[in-house]
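Number of protein chains: 2
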Amino acid sequence: MMRFVALGALLASAVAMPVSAGVRDYRIANEHKILGEFVDLLAIPNVATDTPNIRRNAQALMAMMEKRGLSPRLLEGADSTTPPIVYGEWKVPGAKKTIVLYAHYDGQPTVPAKWTASPPWQPTLRTRAIEAGGTVLPIPRADQKIDPEWRLYARSTSDDKLGVIAVLTAIDALKAEKRLPAMNVKIVFEGEEEAGSPHLGEILARNKPLLASDGWIIFDGPVHQSGRRQVVFGVRGVTGIDITAYGARRPLHSGHYGNWSPNPAMMLSRLLASMKDDKGRVLVKGFYDDDAPVGAAERAAIAAAPDSDAAIRKELGIAASEGGDGLLDALMRTSLNVDGLMSADVGANARNVIPATATASLDMRLAKGADEAKQIDKVIAHIKAQGFHVTEAEPTDEERARYPAIVRVTRRVGGYNAVRTPMDAPLGRATVAALSALEDQPAIALPTSGGSLPLFMIEQNFPVPLLSVGSANYDNNQHAEDENVRIQNLWNSIETVAAIMTMKI
Amino acid sequence: MMRFVALGALLASAVAMPVSAGVRDYRIANEHKILGEFVDLLAIPNVATDTPNIRRNAQALMAMMEKRGLSPRLLEGADSTTPPIVYGEWKVPGAKKTIVLYAHYDGQPTVPAKWTASPPWQPTLRTRAIEAGGTVLPIPRADQKIDPEWRLYARSTSDDKLGVIAVLTAIDALKAEKRLPAMNVKIVFEGEEEAGSPHLGEILARNKPLLASDGWIIFDGPVHQSGRRQVVFGVRGVTGIDITAYGARRPLHSGHYGNWSPNPAMMLSRLLASMKDDKGRVLVKGFYDDDAPVGAAERAAIAAAPDSDAAIRKELGIAASEGGDGLLDALMRTSLNVDGLMSADVGANARNVIPATATASLDMRLAKGADEAKQIDKVIAHIKAQGFHVTEAEPTDEERARYPAIVRVTRRVGGYNAVRTPMDAPLGRATVAALSALEDQPAIALPTSGGSLPLFMIEQNFPVPLLSVGSANYDNNQHAEDENVRIQNLWNSIETVAAIMTMKI
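Quick note, the sequences are listed as chains A and B, same order.
UniProt numbering applies: residue 1 is where the first sequence begins, and numbers increase by one.
UniProt numbering applies: residue 1 is where the second sequence begins, and numbers increase by one.
So here's chain A without its partners, still in its complex pose:
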């Protein structure tokens, strides 16, 4: 903690900005309007593959930007099924510097039936989190006070329409104050981040002059578990595979064939179990070989960050971490995670069958240095080393006759590698200072997020500093059912964006 305070003070001394009281006043006077605009946006379904609804989102964002005088336009991909970037800008006379503010308007796919009470695109207020016994509230009338501890539930309340609404509302607040940003502001709202941004690189490459800048700030992700603002200097890459093990051509009666015909659920379990030791260390050969070493500045930043591990373990209900080490240390490594398993049915729907197939989806979060295609190659080599025949399609009759153990491996489309901005980049120091000025304690600086954002495609097109700044409560159920945002985090996000827009770089 001492070391952290020293680092924070150092960074905070670089630029000193006053808290923008005007932004807070604007928010307090307009809470119902802000919430209403957010709810309207959240009500539009936003899975990247749902083209008609993605277009409805883009049109809504165009109208929201138009109303604010941000000269919006759609930056399209090669074909009309690609979710467009919604672009806007606020040019400041005489400004020498330019910054890009990024958020994404698409959300993770979800199974509506798994949501508690309210479906994903029906924004619903609760008195607090569902896990804490929160009950449903109507959207408040203009004369009803909004409690900052309320939670708003819907897909993308946190990830990442929160970023969208924060940017647009911060602009409203500055305009209401008749205050200008300290630099030209360009806005990029992406529409397929949760699909792995398969067309982001292509769209950026096609719009290089338009998107030229001195740095990008990515508004996405949560604040620190302690509730403090944080600036993150890097992101892990991400990729993934689906693995399907094959038994007989069809599900079989477990009495007539059980323990004679091979069971793909058991085969898959054995394969997955072979991938990690009992300490959570990945046993795939060479798995960690490409991970960049953790440097001194990064180690110092990790040491300086508050240690929330015990509190998080308690909150999550886990007795120990998988590998026994700290969360921030674990995030510096490439990970291998089972996203899900599926084979026939379980519980009340289970039947006494040998399933015909068993599937696991795995993701890998890539440390700086690891390459997504190469990382998958390592896993495939491991699978083969376990005696499996690996196919990329349904096994043929010939393969079935020849190989006792067959898996199909499907590489996930749209993965990308990690990015890290040096921890002493001026844009980073300015941003940490601007956010430190907003609260009693300095903002936290971290070498990398555990999560992934498509910064790799940005870095390839624009070699400028890239930082990410999250605003969501960390218990927001990101990527899962019952995603939500705490209202105070929504309010804070507006001040965060305004502070960045008005900082000197």
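Calculated from the structure, these hints are not laboratory results.
Warning: the hint list may mix true and false statements.
Non-contacting residues of chain A with respect to chain B, defined by C-beta distances greater than 12 angstroms in every case (computed) [unchecked claim]:
(1) E37
(2) V39
(3) I139
(4) D147
(5) D172
(6) Q225
(7) D242
(8) R270
(9) K285
(10) A292
(11) A319
(12) A381
(13) L438
(14) N461
Between beta-carbon pairs, the in silico distance windows are [as the list claims (entries may be wrong)]:
(15) E202/B to R281/A: 51 to 61 angstroms
(16) T49/A to L74/B: 48 to 58 angstroms
(17) D277/A to A319/B: 23 to 33 angstroms
(18) P306/A to G347/B: 35 to 45 angstroms
(19) E149/A to E398/B: 24 to 34 angstroms
(20) E66/B to T49/A: 50 to 60 angstroms
(21) R281/A to A117/B: 19 to 29 angstroms
(22) A393/A to A296/B: 41 to 51 angstroms
(23) G347/B to R206/A: 49 to 59 angstroms
Think of the CB as a built atom: it goes at the ideal place given N, C-alpha and C, for glycine as much as any other residue.
With chain A's structure known, arrange chain B on it following the hints.
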């Protein structure tokens, strides 16, 4: 094969019965009517827990028996949610012996969306099996010939409304011939066999005088893979458990927590993998200790049975059996089979999360001697020996804080132990002889089925010989989606029942 012929000839010489040409003539003249009655019965959903529809089935069966003069009645359990036995009888003046003919009218639960084209309770004819490219046919008009290679698709076409319709149609055929059975016939149609017959013992105990007999014939299951009729002298018992592994309280973002918060899908995979070696041998301590030794008569019967293993492997599309040995040998052991796996979602629905839970359903088919409760105890002891804390409920906060690895184990209700009738019992010899007289080759006699029937509850109440005789095509997708019966197997089942009703015992 030589040994088999010798055994078959020995059994066939015990009683010689002519083929009942009259039964076949009756069927040929009434195919459309038989098929129509079967289709009507199959159209009533029949999952044991679906009380209203189970009652509709029972009422339909009452009406079908009433029409045939079988004095039907419902034998009820203690409460009205217990599926009743539908009982009927055909008393034969002067008959000294009595036989009980058993079938069950409930079917395995199923997920309708997984059925190809036609849902489970919408009986649909196809030109042949779906796997063989069969296409849908309308139910034939009275002037259209019925092809015996057609398949009828619906839940319970094979398991086990086939048994029901075979018994009732055989009675029609004998009555049309004005022929009497060789013994008093009692009919028991059970309504919760697929749920593990939790109330069968109770209902039988309450109706001991009514159900007194010299033996039971269970009409259920498939014919031999070779297509030949078979008489099976035993069944394996069955039980099962659900195992749920726990991670954090809620699904977590795999970037922010991946490889730090424990992954229950990986924990479950490691646990399942620990249960078997790479030859399919169960590693649970003492797992096979209670299996009764395979005696000389049983070994001889197995050796005499046709060896269909290579043909089955080819048909199922598997290169080798799990343990490398023969199917009939494998069926003499207690098995441990994964029925299904479920954790979050996979494939197109997968999200990059650490799932909150992962569940496996397992069944065990019990060899003679193994006790269902004790067998589960062995598995639970194994789970504990792997370092898991085992609960029977959702883990409490205290358990979560204390134990790094937690699984919940739920014992399946309604399991039961194996039964075997001695291979030289007179009822068995008579039945093998009666069925041998129906075809060019002798019927096959097997010491046990791999599958399970609630003979244990019957044996406890009625210490008489119990045999099972299957009529379904062995590729009927029993217990899975797309269950079906080949029409010729339906026709043959009628002659099978009639031959048994008219044999001397």
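Non-conforming hints, listed in increasing numerical order: 6, 7, 8, 11, 21, 23
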